[in-house]
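One-letter residues, chain by chain:
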Amino acid sequence: MDYLKEAFTLLLHPDAELMQIIGTTLTMSFFSTSISCILGMPLGVLLGKRRFIGRSLLLRIVNTLMGLPPVVAGLIVFMLFRGVGPFGSLHLMFSVPIMVIAQVLLITPVVIGLSAAAAGEKSAMILETARGMRFSGGRQTSLLLRECAPQFVTIALMGFGRSIAEVGAVSLVGGNIQYKTRVMTTAILLESNKGDFRRALALGVILMLISLIANIPAYTLQEKMK
Amino acid sequence: MIRIENLKKRYSSDFTLDIPALSIAPGERVALIGPNGSGKSTLLRILAGVLKPEEGKIGISVPEKDTGYQPQNPYVFRGTVEKNLRLGMRGDEDIAALLEECELTALKDKRADRLSGGERQRLCLARMLAGNYKLLLLDEPLSAADIETGERLSLLLKRYCENTGATLVMSTHLPVQAQQIATKYLILYKGQVAEYGDAATLSAPESEFGKRFLSQWKL
Chain A
0 MDYLKEAFTL LLHPDAELMQ IIGTTLTMSF FSTSISCILG MPLGVLLGKR RFIGRSLLLR
60 IVNTLMGLPP VVAGLIVFML FRGVGPFGSL HLMFSVPIMV IAQVLLITPV VIGLSAAAAG
120 EKSAMILETA RGMRFSGGRQ TSLLLRECAP QFVTIALMGF GRSIAEVGAV SLVGGNIQYK
180 TRVMTTAILL ESNKGDFRRA LALGVILMLI SLIANIPAYT LQEKMK
Chain B
0 MIRIENLKKR YSSDFTLDIP ALSIAPGERV ALIGPNGSGK STLLRILAGV LKPEEGKIGI
60 SVPEKDTGYQ PQNPYVFRGT VEKNLRLGMR GDEDIAALLE ECELTALKDK RADRLSGGER
120 QRLCLARMLA GNYKLLLLDE PLSAADIETG ERLSLLLKRY CENTGATLVM STHLPVQAQQ
180 IATKYLILYK GQVAEYGDAA TLSAPESEFG KRFLSQWKL
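If you're matching them up, the sequences are chains A and B in order.
Heads up: the first sequence begins at 0 in numbering that gives the first Met the number 0, then just goes up one per residue.
Heads up: the second sequence begins at 0 in numbering that gives the first Met the number 0, then just goes up one per residue.
This is chain A alone, in the form it adopts within the complex:
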């Protein structure tokens, strides 16, 4: 109970560092989830809907990448963007944008795979029905997207969940720099390493509260869509 009390005290009277940590966490998660959804959902729908040569190989690759360990994603981005790497001249290391890039690498395959499954499951029935009603190609696609919308909300939420809870990639490329790249998960890790379990747990409670707050409007939206 003490931990909960401390979490709420921290939330009600946040210090400057906590404000920065929450701000950075939300900024990073918002951008990495949004970019992953913008890239992944159309690709996923295409992969689920169309039948073409190499589709099953592509699906297998995507499914494999869905399980990509965060540290490996972080390492790949680290190698690409470090000073001597191919994109080193961009000087993005240890910044929020590089953390977003690492998370996009991690989340996009999940979004593609789940979108393909959502669209694939329904697309044959929806498209055959819509085609039978002589709807135009554009209308068929818009109906398919409309029918899959509740699943897309769930997929975006899963992406957000994966982003906000991720620690391996962001600590590797972000460096957990105070007042710059520290996010909730890396802060929890740091507090645990320091032995300050009270603050670490309080931060964990805040992280879960943020997740809950993000879920409420998404759930309401899903219900409205039905």
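Everything labelled a hint here was simulated from the structure, so no lab data went into it.
Note that CB positions come from ideal geometry on N, CA and C, so glycine has one too.
No false leads were slipped in.
Distance condition first, Cα-Cα at most 27 Å in a straight line; then the derived DSSO-like pairs of lysine-lysine:
(1) B/107 x A/223
(2) B/183 x B/64
(3) B/51 x B/133
(4) A/121 x B/64
(5) B/64 x A/48
Which chain A residues stay away from chain B? Per the calculated CB distances, all over 12 Å, these:
(6) 1
(7) 3
(8) 19
(9) 22
(10) 30
(11) 37
(12) 57
(13) 60
(14) 78
(15) 176
(16) 188
(17) 189
(18) 194
(19) 195
(20) 203
(21) 214
Using the hints provided, position chain B relative to the given structure of chain A.
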């Protein structure tokens, strides 16, 4: 007018739909009858342009935009029954009358995904009728309806075709249902035409399969 010549389409590892010649005049109501796997759905999907035949010619005088096709498991879209029906409308059809005729008035505000199998099928049929098509291709449109509802909907479908002059090609595995609607009967067995003709086809089948299949039913 629909004219089929030397149509061939392999639809399973064992069977090939093989129709040497078939013609359907405008305004006719043709029932495709046969057991599961006889090729009924394949023929309908070919006529609808969903599948391409491997061989043969198909001529349909009705433009594609005026040909409505309903697959065996049609999808009901998100939203209410009325919203689904409006999706199918292409002109200024009387939606209230259609809801009434298809026994959907009481369900019009119900979520379509919460309908029972029979209700869902009534909605899909109503949605097709709302499209005001000149050629209707319906795959087992009444399979989930109970006997009484099936009879009422068969009559509705028949009346609709008579009033609008629409041509109907529908599949069913129930000859009794076919009898209530159709003017012609095409009995398929393992992709081959066993019988094709008018009411006499059901009362006096010539093929061995036709005799065996129809003897199960009290027609």
